[in-house]
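Colleague: Chains A and B supply the protein sequences, listed in that same order. Residues in the first sequence are numbered from 0 upward in steps of one, following numbering that gives the first Met the number 0. Residues in the second sequence are numbered from 0 upward in steps of one, following numbering that gives the first Met the number 0.
The hints are simulated quantities; they were obtained by calculation from the structure and are not laboratory data. Please note: incorrect hints may appear among the correct ones.
Pairs of lysine-lysine residues, derived as DSS-like cross-links and limited to a Cα-Cα distance of at most 30 Å, are as follows [said to hold, decoys possible]:
no., chain 1, residue 1, chain 2, residue 2
1, B, K224, A, K385
2, B, K115, B, K227
3, A, K346, A, K368
4, A, K65, B, K224
5, A, K150, A, K140
6, A, K368, A, K71
7, A, K269, A, K346
8, A, K46, A, K385
9, A, K346, A, K65
10, B, K299, B, K16
11, B, K115, A, K469
12, A, K346, A, K281
13, A, K368, B, K115
14, A, K346, B, K115
15, A, K206, A, K150
16, A, K346, B, K227
17, A, K281, A, K206
18, A, K46, A, K368
19, A, K269, A, K65
20, A, K3, A, K46
21, A, K206, A, K140
22, B, K109, A, K98
23, B, K224, A, K469
24, A, K269, A, K313
25, A, K269, A, K281
26, A, K46, A, K71
27, B, K109, A, K368
Heads up, incomplete: computed chain B residues facing chain A, CB under 10 Å, no partners named [claimed, not checked]:
no., residue
28, T7
29, D10
30, E129
31, G136
32, T154
33, D210
FRET-style restraints, in silico, Cβ to Cβ [what the hints assert, rightly or not]:
no., chain 1, residue 1, chain 2, residue 2, range
34, A, K3, B, I246, 55 to 63 Å
35, B, E220, A, K3, 30 to 38 Å
36, B, I19, A, T470, 39 to 47 Å
37, B, A61, A, V418, 45 to 53 Å
38, A, V330, B, E76, 54 to 62 Å
39, A, G430, B, N8, 46 to 54 Å
40, B, I144, A, S1, 28 to 36 Å
Quantities reported herein were computed from a predicted structural model and do not represent experimental measurements. Where a beta carbon is used, it is the ideal one built from N, C-alpha and C, also for glycine.
Below are the chains, spelled out letter by letter.
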Amino acid sequence: MSLKWRIAIIFGLIAASIWTLFPRTVVERVKRNGEFVYDTVRRVPLKRGLDLQGGMHLALEIDESKGAVADKGRAIDDALTVVRNRLDEFGVSEPVVQKAGADRIIVELPGIDDPRRAQDVVQKSAYLEFQITDETQALEKALPRLDAVLKDKKVATGTATGGQRDSAPAAPGLQSLFTADTTKKTDSTRTDSAATATAGGPGAFSKLIQQGRMPGEFYVAQSDIPLLTQYLTMPEVQAVLPPGKVVRWSSDTVSLGNSIYRPIYVLDAKPIITGEYITDAKPNSDPIEGNLVQFTMNNEGARRFRTETARHIKDYMAIVLDQRVMGQPPVIQSAIGANGQITMGGKPLQAAQDLALVLRAGSLPVPLKVVDMVQIGASLGQDSIKKGITAGIIAIALVILIMVGYYRFAGVLAVAGLVLYILYTLAALAGFNAVLTLPGLAGFILSIGIAVDANVLIFERIREELAHGKTIRTSVDEGFRHAMSAIVDSEVTTALTAAVLYQYGTGPVRGFAVTLLAGIAASLITAIFVVRTFFLVWLNRSPNTRTLSI
Amino acid sequence: MLRILHDTNYDFIRWWKWAIGITVAFLVIGLGSLVIKPPNWSIEFTGGTLMQVEFNQPADVARIRSSLDNAGIHGAEIQQFGSNREYTVRAQDAAHVQTQASGAESIAVKIESVLKQQFGADQLRIVRTEAVGPRVGEELRRGAIIAILISFLITMIYLAIRFDWRFGAAALIATAHDIIGTVAFLALMRLEISLTVVAGLLTVLGYSLNDTIIIFDRVRENLRKGRKESFYETLNRSINETLPRSILTHATALASTIALLIFAGEVLRPFAWVMTFGIITGTFSSIYIAAPVLLWIERKWPRKTGGVRQSSSTAMPTSPTRRSPATATR
Numbered sequence: 000m001s002l003k004w005r006i007a008i009i010f011g012l013i014a015a016s017i018w019t020l021f022p023r024t025v026v027e028r029v030k031r032n033g034e035f036v037y038d039t040v041r042r043v044p045l046k047r048g049l050d051l052q053g054g055m056h057l058a059l060e061i062d063e064s065k066g067a068v069a070d071k072g073r074a075i076d077d078a079l080t081v082v083r084n085r086l087d088e089f090g091v092s093e094p095v096v097q098k099a100g101a102d103r104i105i106v107e108l109p110g111i112d113d114p115r116r117a118q119d120v121v122q123k124s125a126y127l128e129f130q131i132t133d134e135t136q137a138l139e140k141a142l143p144r145l146d147a148v149l150k151d152k153k154v155a156t157g158t159a160t161g162g163q164r165d166s167a168p169a170a171p172g173l174q175s176l177f178t179a180d181t182t183k184k185t186d187s188t189r190t191d192s193a194a195t196a197t198a199g200g201p202g203a204f205s206k207l208i209q210q211g212r213m214p215g216e217f218y219v220a221q222s223d224i225p226l227l228t229q230y231l232t233m234p235e236v237q238a239v240l241p242p243g244k245v246v247r248w249s250s251d252t253v254s255l256g257n258s259i260y261r262p263i264y265v266l267d268a269k270p271i272i273t274g275e276y277i278t279d280a281k282p283n284s285d286p287i288e289g290n291l292v293q294f295t296m297n298n299e300g301a302r303r304f305r306t307e308t309a310r311h312i313k314d315y316m317a318i319v320l321d322q323r324v325m326g327q328p329p330v331i332q333s334a335i336g337a338n339g340q341i342t343m344g345g346k347p348l349q350a351a352q353d354l355a356l357v358l359r360a361g362s363l364p365v366p367l368k369v370v371d372m373v374q375i376g377a378s379l380g381q382d383s384i385k386k387g388i389t390a391g392i393i394a395i396a397l398v399i400l401i402m403v404g405y406y407r408f409a410g411v412l413a414v415a416g417l418v419l420y421i422l423y424t425l426a427a428l429a430g431f432n433a434v435l436t437l438p439g440l441a442g443f444i445l446s447i448g449i450a451v452d453a454n455v456l457i458f459e460r461i462r463e464e465l466a467h468g469k470t471i472r473t474s475v476d477e478g479f480r481h482a483m484s485a486i487v488d489s490e491v492t493t494a495l496t497a498a499v500l501y502q503y504g505t506g507p508v509r510g511f512a513v514t515l516l517a518g519i520a521a522s523l524i525t526a527i528f529v530v531r532t533f534f535l536v537w538l539n540r541s542p543n544t545r546t547l548s549i
Numbered sequence: 000m001l002r003i004l005h006d007t008n009y010d011f012i013r014w015w016k017w018a019i020g021i022t023v024a025f026l027v028i029g030l031g032s033l034v035i036k037p038p039n040w041s042i043e044f045t046g047g048t049l050m051q052v053e054f055n056q057p058a059d060v061a062r063i064r065s066s067l068d069n070a071g072i073h074g075a076e077i078q079q080f081g082s083n084r085e086y087t088v089r090a091q092d093a094a095h096v097q098t099q100a101s102g103a104e105s106i107a108v109k110i111e112s113v114l115k116q117q118f119g120a121d122q123l124r125i126v127r128t129e130a131v132g133p134r135v136g137e138e139l140r141r142g143a144i145i146a147i148l149i150s151f152l153i154t155m156i157y158l159a160i161r162f163d164w165r166f167g168a169a170a171l172i173a174t175a176h177d178i179i180g181t182v183a184f185l186a187l188m189r190l191e192i193s194l195t196v197v198a199g200l201l202t203v204l205g206y207s208l209n210d211t212i213i214i215f216d217r218v219r220e221n222l223r224k225g226r227k228e229s230f231y232e233t234l235n236r237s238i239n240e241t242l243p244r245s246i247l248t249h250a251t252a253l254a255s256t257i258a259l260l261i262f263a264g265e266v267l268r269p270f271a272w273v274m275t276f277g278i279i280t281g282t283f284s285s286i287y288i289a290a291p292v293l294l295w296i297e298r299k300w301p302r303k304t305g306g307v308r309q310s311s312s313t314a315m316p317t318s319p320t321r322r323s324p325a326t327a328t329r
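Bound-form chain A, shown alone (with noise of 0.2 Å):
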């Protein structure tokens, strides 16, 4: 090959190279104002991994604690799509949503601030149903069955665990629970430090509710719901509760005189219509109910919807989310249509739009749990990626100094490609898009000690050319045919376990497999072909030359 050539194709490269790692315009979607929206950003087209933007990673799979799901594969791919929905709309600038494996869901939200929301958004099963509150007061048939039930069970040992999926806040104390000696329709004056009922005495169930102020509801005192929570998930109270309904918390709490109840409500089983028929959901807010979500429902949803509600005027019918009636039911005045609206109680405007998106975005076809769960602050990330860059200079330095300080001219050379082979490291990160992480970071910087190694065997070998007093362009061309192999060597070996850790690793360590196979690329073309052109430039600059500075 002319040298010609050679010099084109250098040039080539660094002009592809330069062309690649050129900042550019993107459309990307960003957020602002709390809403996202297309933007164009300028920036150079390296991905950085979540470990160094700041993120979220979560993999999800299907939730079989209530219950086994039959067919996994069609379930998980539904509820793929609804994931994804959700989050396209979720203000990410760039979600990922991909399946893993056969049943798990990996979700990467890249620079998220707020994880429990984001969590909340994937997770939130969204299954909204419309329920009549009972009228035939069936609970109240049932608690001398109840209460007996408990006294049998002398559930005296009473350890609140804390409420299942429940998210009212814990009880302070064991202590307070079992002073919950107030009884039925007495809301007033309830001290905490009252008798000392132990649970599990007479009416022990009874006790623990008041009826509220619409057929079907009753007031739990705030410090007794872990502990009516841990008596409804018992099989032998569940055995005895009213057939044909169910008993379901309210996501509100009220405040009489001064204590605080959240609502328990007994509704009628049978859903009167369920939200698969909603086409469209915003959220609002009104000056008197405060933050709510509007819905519409297509036509035969409204059809449905308008002749059930038609059946149950003067009844009260709970909008229920997730197994959480929503608000305080309302009364049917008429019979209602296409449109409705769910309250959002105090809760805040973001939540309301959270709850309009997964509306929009349909309901989970099976509950998801995390199995995986990875956040990094984006401070965290900045920190991790100005520390890299530190230690890539010390190690550039150190490198520069080590082989110009031994083999001067040849080092000098070496160094030169050193700085392409960085170049040409992140040109191919960039070009397969690839995503650096961490660990690829600490492979690239370990790679460019490692990089130089294919110089080293080269430049020993004109060394020993030269001391068998060959000419120097001999030298040169026999040290680079001689120490072919051992680089050839040197790259194989590290090719092959990189190949291995890409295939068997998980997404930070993928990041070292990439940058450490690019880095062998690189260094292959640096080592035997740029530096190689350098020393023939050199020695056609100056073909008189009697020595050689390596």
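Mind docking chain B on chain A? Use the hints.
Modeller: Only chain B this time, still in chain A's reference frame:
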């Protein structure tokens, strides 16, 4: 021309007994410590929760611990991370991991709320959370083991293609030594074994193998030249000839790992340690494990045919005093 250790003629192999003694002692101590105390697996492998918390004011470990204990999170490991405003909380017990089976984030949510209750919500920030459920932990563990085994398998295949069995076996033993030695080092330093560290371990495997290959290549080349010297001398000559190259490449590689060790921060430090130690042990093993083992194999199963001269005359350097003056050091 600046030269380091050029045209040397050290009798490296002469010290093989010492070297093997040291290495065996190190391995025994390191692996022995694993028996006494199990390795420090990261939560990626065990499952569990790791949280990095940054406080506005310097915080007291005892206070963090007591508030966690009160919330029923017992046995959590609390470590200062850099300054005294930053801590990591690690809940890795089997009990905690089991709780996470139904939702990996549960312990993390609990820790966060407890700390915010104790110190005030605006007094601290959760900088990092890693919550791994038991199933994922098990998968990652299996993945890491498979990766290590496959790397070894591929290495063996590569060696089988590249060398005859004598060289291959010696190189494999030297590489195995490096991996086991690095594990012993991890155990002695009580470094956390994470996925990144396993990646580092495999990189060490590649690196140390490469180092051995370079010396062995030179041995083969020198054997072909058919000098009138024993195999023992050929080995020493080869090591000496590749010495400047070894020193230079290890110096640059160490420059990188030491820069990582000092400047790249806490998260990458275990990885940097693995690489630093791995490079050193890789150099050591190429000379003091690979070469003596090869010598031993050559003596035990001498070559019969081929261009390579009979090496049955090769004497094991059982008595270093017997060495010829040619190997005397300067």
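Colleague: If a hint holds in the structure, say so; if it does not, say that too.
Modeller: Status of the hints after comparison with the structure:
no.: 1; hint: B/K224 - A/K385; in the structure: 52 Å, violated
no.: 2; hint: B/K115 - B/K227; in the structure: 78 Å, violated
no.: 3; hint: A/K346 - A/K368; in the structure: 24 Å, holds
no.: 4; hint: A/K65 - B/K224; in the structure: 76 Å, violated
no.: 5; hint: A/K150 - A/K140; in the structure: 17 Å, holds
no.: 6; hint: A/K368 - A/K71; in the structure: 14 Å, holds
no.: 7; hint: A/K269 - A/K346; in the structure: 28 Å, holds
no.: 8; hint: A/K46 - A/K385; in the structure: 16 Å, holds
no.: 9; hint: A/K346 - A/K65; in the structure: 28 Å, holds
no.: 10; hint: B/K299 - B/K16; in the structure: 18 Å, holds
no.: 11; hint: B/K115 - A/K469; in the structure: 75 Å, violated
no.: 12; hint: A/K346 - A/K281; in the structure: 15 Å, holds
no.: 13; hint: A/K368 - B/K115; in the structure: 25 Å, holds
no.: 14; hint: A/K346 - B/K115; in the structure: 21 Å, holds
no.: 15; hint: A/K206 - A/K150; in the structure: 13 Å, holds
no.: 16; hint: A/K346 - B/K227; in the structure: 91 Å, violated
no.: 17; hint: A/K281 - A/K206; in the structure: 41 Å, violated
no.: 18; hint: A/K46 - A/K368; in the structure: 29 Å, holds
no.: 19; hint: A/K269 - A/K65; in the structure: 19 Å, holds
no.: 20; hint: A/K3 - A/K46; in the structure: 35 Å, violated
no.: 21; hint: A/K206 - A/K140; in the structure: 14 Å, holds
no.: 22; hint: B/K109 - A/K98; in the structure: 29 Å, holds
no.: 23; hint: B/K224 - A/K469; in the structure: 19 Å, holds
no.: 24; hint: A/K269 - A/K313; in the structure: 18 Å, holds
no.: 25; hint: A/K269 - A/K281; in the structure: 27 Å, holds
no.: 26; hint: A/K46 - A/K71; in the structure: 33 Å, violated
no.: 27; hint: B/K109 - A/K368; in the structure: 17 Å, holds
no.: 28; hint: T7; in the structure: 13 Å, violated
no.: 29; hint: D10; in the structure: 21 Å, violated
no.: 30; hint: E129; in the structure: 5 Å, holds
no.: 31; hint: G136; in the structure: 9 Å, holds
no.: 32; hint: T154; in the structure: 7 Å, holds
no.: 33; hint: D210; in the structure: 8 Å, holds
no.: 34; hint: A/K3 - B/I246: 55 to 63 Å; in the structure: 38 Å, violated
no.: 35; hint: B/E220 - A/K3: 30 to 38 Å; in the structure: 35 Å, holds
no.: 36; hint: B/I19 - A/T470: 39 to 47 Å; in the structure: 45 Å, holds
no.: 37; hint: B/A61 - A/V418: 45 to 53 Å; in the structure: 52 Å, holds
no.: 38; hint: A/V330 - B/E76: 54 to 62 Å; in the structure: 56 Å, holds
no.: 39; hint: A/G430 - B/N8: 46 to 54 Å; in the structure: 49 Å, holds
no.: 40; hint: B/I144 - A/S1: 28 to 36 Å; in the structure: 52 Å, violated
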